[in-house]
Amino acid sequence: MTSRRWAIPALLALVVVLVILSITVGRVTLTWDMWKAQDAISRAILIELRLPRAILGVLVGASLGLAGAAMQGYLRNALAEPGTLGVSAMSALGAVLSIFFNIAGLHPWVLPICGVIGGMTGMAALFVLSGMAASVLTLVLSGIILSALAISGISLALSLSPSPWAAGEIVRWMLGGLTDRSFDELTIAGPLIVIGCIAVLACRRPLDALTLGETGARSLGIDLNRAQWQLAFGIGLIVGGSTAVTGVIGFVGLIVPHMMRSLVGSRPGALLVPSAIGGAALVLAGDIVVRLLPGGSELELGVVMSLIGAPFFFVLLHSMRRKLT
Amino acid sequence: MKRWLAPLLAASWLASGAQAEEPTPHPMRIVSLNMCLDSILVELVSHDRIAALSHYARDPQRSMIAEAARHLPITYETAEEIVALRPDLVLTSRHSAVATRNALKRVGIRFELFDVPNSVEESLEQIGTVAHLLGADREGEAMVARIRATLDAARLPPNEAPLTAAIYQPGGLSAGANTVVGELMELTGLRNVAARYGVEQYRPLPLEVLVSAPPDVLLIGETSPGSPLQAEKVVRHRALRALESQMTLAVFPARLVFCAGPTMVPAVAALVHAREEAQARRRTRSTL
Numbered sequence: 001m002t003s004r005r006w007a008i009p010a011l012l013a014l015v016v017v018l019v020i021l022s023i024t025v026g027r028v029t030l031t032w033d034m035w036k037a038q039d040a041i042s043r044a045i046l047i048e049l050r051l052p053r054a055i056l057g058v059l060v061g062a063s064l065g066l067a068g069a070a071m072q073g074y075l076r077n078a079l080a081e082p083g084t085l086g087v088s089a090m091s092a093l094g095a096v097l098s099i100f101f102n103i104a105g106l107h108p109w110v111l112p113i114c115g116v117i118g119g120m121t122g123m124a125a126l127f128v129l130s131g132m133a134a135s136v137l138t139l140v141l142s143g144i145i146l147s148a149l150a151i152s153g154i155s156l157a158l159s160l161s162p163s164p165w166a167a168g169e170i171v172r173w174m175l176g177g178l179t180d181r182s183f184d185e186l187t188i189a190g191p192l193i194v195i196g197c198i199a200v201l202a203c204r205r206p207l208d209a210l211t212l213g214e215t216g217a218r219s220l221g222i223d224l225n226r227a228q229w230q231l232a233f234g235i236g237l238i239v240g241g242s243t244a245v246t247g248v249i250g251f252v253g254l255i256v257p258h259m260m261r262s263l264v265g266s267r268p269g270a271l272l273v274p275s276a277i278g279g280a281a282l283v284l285a286g287d288i289v290v291r292l293l294p295g296g297s298e299l300e301l302g303v304v305m306s307l308i309g310a311p312f313f314f315v316l317l318h319s320m321r322r323k324l325t
Numbered sequence: 326m327k328r329w330l331a332p333l334l335a336a337s338w339l340a341s342g343a344q345a346e347e348p349t350p351h352p353m354r355i356v357s358l359n360m361c362l363d364s365i366l367v368e369l370v371s372h373d374r375i376a377a378l379s380h381y382a383r384d385p386q387r388s389m390i391a392e393a394a395r396h397l398p399i400t401y402e403t404a405e406e407i408v409a410l411r412p413d414l415v416l417t418s419r420h421s422a423v424a425t426r427n428a429l430k431r432v433g434i435r436f437e438l439f440d441v442p443n444s445v446e447e448s449l450e451q452i453g454t455v456a457h458l459l460g461a462d463r464e465g466e467a468m469v470a471r472i473r474a475t476l477d478a479a480r481l482p483p484n485e486a487p488l489t490a491a492i493y494q495p496g497g498l499s500a501g502a503n504t505v506v507g508e509l510m511e512l513t514g515l516r517n518v519a520a521r522y523g524v525e526q527y528r529p530l531p532l533e534v535l536v537s538a539p540p541d542v543l544l545i546g547e548t549s550p551g552s553p554l555q556a557e558k559v560v561r562h563r564a565l566r567a568l569e570s571q572m573t574l575a576v577f578p579a580r581l582v583f584c585a586g587p588t589m590v591p592a593v594a595a596l597v598h599a600r601e602e603a604q605a606r607r608r609t610r611s612t613l
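Residue numbers (our numbering), protein chains in the order written: chain A, 1 to 325; chain B, 326 to 613.
FYI, nobody ran anything at the bench for these hints, they're computed from the structure.
It is possible that part of the hints are untrue.
Computed cross-link-like contacts, SDA-like style, restricted to lysine to any residue with a CA-CA straight-line distance of at most 25 Å [to be verified]: (1) B:K558 / A:V25; (2) B:K430 / B:A409; (3) B:K558 / A:E298; (4) B:K430 / B:G460; (5) B:K430 / B:R374; (6) B:K430 / B:H420; (7) B:K558 / B:M572; (8) B:K558 / A:K323; (9) B:K558 / A:T187; (10) A:K36 / A:V16; (11) B:K558 / A:I117; (12) A:K36 / A:L46; (13) B:K558 / B:G497; (14) B:K558 / B:E569; (15) B:K558 / A:V16; (16) B:K558 / A:A40; (17) B:K558 / A:A166; (18) B:K558 / A:S155; (19) B:K558 / A:L186; (20) B:K558 / A:A167; (21) A:K36 / B:R563; (22) A:K36 / A:V25; (23) A:K323 / A:R261; (24) B:K558 / A:I23; (25) B:K558 / A:D184; (26) A:K36 / B:A538; (27) B:K430 / B:R354; (28) B:K558 / A:V110; (29) B:K558 / A:A54; (30) B:K558 / B:I545; (31) A:K36 / B:E405; (32) B:K558 / A:F183; (33) A:K323 / A:V136; (34) A:K323 / A:D208; (35) B:K430 / B:E405; (36) A:K323 / A:S135.
Working from the sequences, and respecting the hints, build out all of it.
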């Protein structure tokens with residue numbers, strides 16, 4: 001598989017087009033006159049509603065794509081991804097527990113930090129349960145355990161809470177979306193996601209070295225232990241920060257690295273940046289589809305991602321099975 | 326399983342209820358499984374006839390009778406609890422679980438099923454039906470008359486122009502066409518824009534649509550400051566705050582939306598208050 005030079009500029013151009021579409025398209029069709037008028041209403045729609053949504057889409061999509069590519073590289077397993085392995089659900093549980101124990105109201109940072117702690121706990125649990133280069137079975141089972149634990153915890157906490165909106169809130173956490181988020185939320189998720197991305201990107205060399213196997217990587221002077229915790233830290237920040245604001249958006253990290261592999265080759269380190277760009281494009285596209293679908297209320301973005309992702313997961317597992325047997 | 330359960334329960338029933346051999350004309354042990362029926366029940370009969378209310382009745386965010394319900398027994402809508410209370414009438418709505426109703430049927434407990442009223446007239450009719458079942462026709466008529474009088478007094482004076490308005494509760498939920506609250510809004514001189522945007526029943530109103538043509542009055546739900554719930558965040562969205570100069574934000578707690586019946590009285594009071602406040606704001610703005 002050869003790296004295609006046009007791939008990254010083309011993907012970047014796609015993201016730019018999707019960002020522009022994301023700002024121009026919505027429930028309300030803004031005519032050119034309204035754009036030019038720049039009154040309070042068009043400004044509220046463009047700046048307070050659509051712009052934060054587009055930026056958040058780019059950030060969340062890019063970081064989730066990056067997290068997926070890094071996890072697949074590190075675990076050397078094509079099925080690894082924060083959503084399918086329950087890391088996202090764990091971070092949603094962290095956020096929900098901060099609501100349940102009434103500490104989330106103390107400061108706007110409490111909830112995302114609890115989400116980050118949840119995400120990091122999920123990553124650590126995953127490493128403990130499955131270890132490095134675990135079999136597909138162990139890995140998928142660890143993911144099922146984590147997801148089941150997190151979802152039951154979320155349901156329990158929200159059902160016990162006095163809010164009359166508990167059921168809706170559970171759905172909102174489990175099926176994430178970008179609808180009606182504002183700059184207030186963006187300023188909270190943004191820094192966490194950016195720091196997480198930097199931590200993950202710094203792991204490029206260990207990821208590449210791991211393709212030679214653990215002993216091979218060690219002989220190259222790679223501190224695998226450090227790389228493991230750096231990845232847990234970075235992915236925890238990414239997943240925690242994005243989940244705290246958008247809820248669980250699954251499958252981005254699963255689909256995108258696979259698509260990118262056919263474009264830029266399968267070297268894990270070289271896959272990180274293209275996966276980030278592809279992730280941004282996928283989430284933006286999904287979010288635009290959600291807005292354009294007819295119907296009374298907007299579909300949650302997580303629904304669309306699962307509709308695309310679950311069949312993809314199926315095909316992937318099917319082809320892997322053929323390869324294994 | 327079912328076959329042996331019923332006689333067993335029936336036997337325990339007869340053994341403990343020996344004194345109730347003469348059927349009383351009025352039900353004396355009433356259980357309600359629906360918050361809206363609870364609110365009618367507590368006003369129509371003396372509280373010693375109420376065997377249990379629904380657990381929602383005690384929730385101050387949803388219920389208008391939370392204070393009264395605290396001193397009355399409640400159930401969590403399971404057949405087991407209801408059977409143990411040995412009621413002679415169970416009031417239930419379409420919201421209750423089918424399995425619970427089937428269980429009551431098997432055990433032979435009399436229950437009455439009520440629909441959720443979609444209009445003021447339907448709600449008033451329902452009060453009459455409930456009152457008749459309770460043997461409290463006179464009290465029921467008085468309640469209906471009281472509600473009618475309140476609604477008539479709340480009507481928009483003919484010399485005043487109506488304002489546009491929308492309900493915006495946590496989660497973006499609004500009341501559209503075919504809702505009691507929508508009808509009360511029109512009656513008090515607030516044109517419900519949510520109905521015009523195609524919102525039916527209680528459904529979310531897209532924030533972008535709402536912002537694109539802000540109504541004169543926005544009836545927002547109660548939120549606790551700093552609440553981390555996404556549902557409540559949308560009510561405090563910056564886009565709405567940016568348009569605060571164009572619309573009057575009035576608090577309209579969710580508990581006024583959930584039920585019709587006697588809740589219509591405080592609901593119209595809140596609507597009239599919101600309309601008057603918005604009109605006063607308009608007047609001061611035009612004189613400036």
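Verification of the supplied hints:
{"no.": "1", "hint": "B:K558 / A:V25", "in the structure": "23 Å, holds"}
{"no.": "2", "hint": "B:K430 / B:A409", "in the structure": "15 Å, holds"}
{"no.": "3", "hint": "B:K558 / A:E298", "in the structure": "17 Å, holds"}
{"no.": "4", "hint": "B:K430 / B:G460", "in the structure": "23 Å, holds"}
{"no.": "5", "hint": "B:K430 / B:R374", "in the structure": "22 Å, holds"}
{"no.": "6", "hint": "B:K430 / B:H420", "in the structure": "17 Å, holds"}
{"no.": "7", "hint": "B:K558 / B:M572", "in the structure": "19 Å, holds"}
{"no.": "8", "hint": "B:K558 / A:K323", "in the structure": "48 Å, violated"}
{"no.": "9", "hint": "B:K558 / A:T187", "in the structure": "15 Å, holds"}
{"no.": "10", "hint": "A:K36 / A:V16", "in the structure": "22 Å, holds"}
{"no.": "11", "hint": "B:K558 / A:I117", "in the structure": "23 Å, holds"}
{"no.": "12", "hint": "A:K36 / A:L46", "in the structure": "12 Å, holds"}
{"no.": "13", "hint": "B:K558 / B:G497", "in the structure": "10 Å, holds"}
{"no.": "14", "hint": "B:K558 / B:E569", "in the structure": "16 Å, holds"}
{"no.": "15", "hint": "B:K558 / A:V16", "in the structure": "29 Å, violated"}
{"no.": "16", "hint": "B:K558 / A:A40", "in the structure": "21 Å, holds"}
{"no.": "17", "hint": "B:K558 / A:A166", "in the structure": "14 Å, holds"}
{"no.": "18", "hint": "B:K558 / A:S155", "in the structure": "20 Å, holds"}
{"no.": "19", "hint": "B:K558 / A:L186", "in the structure": "13 Å, holds"}
{"no.": "20", "hint": "B:K558 / A:A167", "in the structure": "16 Å, holds"}
{"no.": "21", "hint": "A:K36 / B:R563", "in the structure": "22 Å, holds"}
{"no.": "22", "hint": "A:K36 / A:V25", "in the structure": "16 Å, holds"}
{"no.": "23", "hint": "A:K323 / A:R261", "in the structure": "17 Å, holds"}
{"no.": "24", "hint": "B:K558 / A:I23", "in the structure": "22 Å, holds"}
{"no.": "25", "hint": "B:K558 / A:D184", "in the structure": "10 Å, holds"}
{"no.": "26", "hint": "A:K36 / B:A538", "in the structure": "17 Å, holds"}
{"no.": "27", "hint": "B:K430 / B:R354", "in the structure": "17 Å, holds"}
{"no.": "28", "hint": "B:K558 / A:V110", "in the structure": "15 Å, holds"}
{"no.": "29", "hint": "B:K558 / A:A54", "in the structure": "19 Å, holds"}
{"no.": "30", "hint": "B:K558 / B:I545", "in the structure": "12 Å, holds"}
{"no.": "31", "hint": "A:K36 / B:E405", "in the structure": "65 Å, violated"}
{"no.": "32", "hint": "B:K558 / A:F183", "in the structure": "12 Å, holds"}
{"no.": "33", "hint": "A:K323 / A:V136", "in the structure": "13 Å, holds"}
{"no.": "34", "hint": "A:K323 / A:D208", "in the structure": "23 Å, holds"}
{"no.": "35", "hint": "B:K430 / B:E405", "in the structure": "13 Å, holds"}
{"no.": "36", "hint": "A:K323 / A:S135", "in the structure": "14 Å, holds"}
The structure fails hints 8, 15, 31 (numbered hints given earlier, in ascending order).
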